[in-house]
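S.K.: Residues per chain are reported as follows:
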Amino acid sequence: AQTVTQSQPEMSVQEAETVTLSCTYDTSENNYYLFWYKQPPSRQMILVIRQEAYKQQNATENRFSVNFQKAAKSFSLKISDSQLGDTAMYFCAFMKQLLTGGAQKLVFGQGTRLTINP
Amino acid sequence: DVKVTQSSRYLVKRTGEKVFLECVQDMDHENMFWYRQDPGLGLRLIYFSYDVKMKEKGDIPEGYSVSREKKERFSLILESASTNQTSMYLCASRAGGNLRTEAFFGQGTRLTVV
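Protein sequences appear in the order of chains V and C.
Mapping the first sequence onto the numbering used here, position 79 (from 1) lands on 79, and the numbers just tick up by one.
Converting from the second sequence to the numbering used here requires adding 1000 to each position, the first position being numbered 1.
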């Protein structure tokens, strides 16, 4: 089974600082997608950024970027110029196609609780 | 906007009861998922479905079953609720096909089994 591991249960930084959240995953697949999702205190989970396994170029979305190291199976999230609204649980996720029909499996890590302090 | 609606925000049930958690999406998505969220354990996949009547076991299916009779609705069933099933349950849906498509989540159901 695919596993996704986030080794940092909690992190805390000052506003405007840069923070990096780590994620490692285990798979024998070559074709898959990786995601970072954010769950603010209101609980609705939303997508932050995504990365295709075949692309070597790291994805970026404004202040959010990833460091994707395929050989090391590492997928970290960097948040630059952090803001109070970035305070949330962050989940790393792995998506792959199963061999059975159209099934696509999405699994998540344990999450990192990030607090941005004023 | 995609809307994923879970039938209840909070639910309290007694041990041994049969419990139904309902999830409805309005975007004709093929894929639907049920997760439970527990502190320190993250989101763990219970069951998922990729079409009407099609389902796959996730990583922790024991004690649960699912039903997908219509494309827009995916139900999670606890046949005989136990206290260790007290948790936050999250439903998600996404379009099938390309692996890059994002999942959209419901607001969650906090289930307490007493």
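A portion of the hints provided could be inaccurate.
[Said to hold, decoys possible] Straight-line C-alpha distance at most 30 Å; calculated BS3-like pairs for lysine-lysine: (1) V:K73 x C:K1013; (2) V:K96 x C:K1070; (3) C:K1003 x V:K96; (4) C:K1071 x C:K1013; (5) C:K1070 x V:K70; (6) C:K1003 x V:K105; (7) V:K55 x V:K96; (8) V:K78 x C:K1003; (9) V:K96 x C:K1071; (10) V:K73 x V:K55; (11) C:K1018 x V:K105.
[To be verified] Derived CB-CB ranges, DEER-like: (12) C:Y1010 x V:S7: 29 to 35 Å; (13) C:V1002 x V:G102: 28 to 34 Å; (14) C:G1016 x V:S80: 25 to 31 Å.
In case anyone wonders, no lab produced these hints; they're calculated from the structure.
Glycine included, each C-beta is placed from N, C-alpha and C at the ideal position.
S.K.: Can the restraint linking K1071 of chain C and K1013 of chain C be considered satisfied, given a maximum Cα separation of 30 Å?
M.R.: holds, 27 Å
S.K.: Between G1016 of chain C and S80 of chain V, does the beta-carbon spacing fit 25 to 31 Å?
M.R.: violated, 52 Å
S.K.: Below or equal to 30 Å on CA atoms is what counts here, so check K78 of chain V against K1003 of chain C.
M.R.: holds, 29 Å
S.K.: Mind checking the alpha carbons of K1003 of chain C and K105 of chain V for me, to see if they're no more than 30 Å apart?
M.R.: holds, 21 Å
S.K.: Given the hint that K1018 of chain C pairs with K105 of chain V, test it: the Cα-Cα distance must not exceed 30 Å.
M.R.: Cα-Cα ~27 Å, so holds.
S.K.: So if I understand the rule, the pair passes when the alpha-carbon distance is 30 Å or less; does K73 of chain V with K55 of chain V pass?
M.R.: holds, 14 Å
S.K.: Holds or violated: are the alpha carbons of K1070 of chain C and K70 of chain V at most 30 Å from each other?
M.R.: violated, 38 Å
S.K.: Is the Cα-Cα distance between K1003 of chain C and K96 of chain V 30 Å or less?
M.R.: holds, 24 Å
S.K.: Given the hinted pair K73 of chain V and K1013 of chain C, is their Cα-Cα distance within 30 Å?
M.R.: Outside the cut-off at roughly 41 Å; violated.
S.K.: Run the distance test for K96 of chain V versus K1071 of chain C: straight-line Cα separation, threshold 30 Å.
M.R.: Holds. K96 of chain V to K1071 of chain C sits at ~21 Å (cutoff 30 Å).
S.K.: For the range 28 to 34 Å, tell me whether the beta carbons of V1002 of chain C and G102 of chain V fit it or not.
M.R.: violated, 19 Å
S.K.: Does K1070 of chain C sit within 30 Å of K96 of chain V, going by the straight-line distance between their CA atoms?
M.R.: holds, 24 Å
Going through the hint list in order, the structure does not satisfy hints 1, 5, 13, 14.
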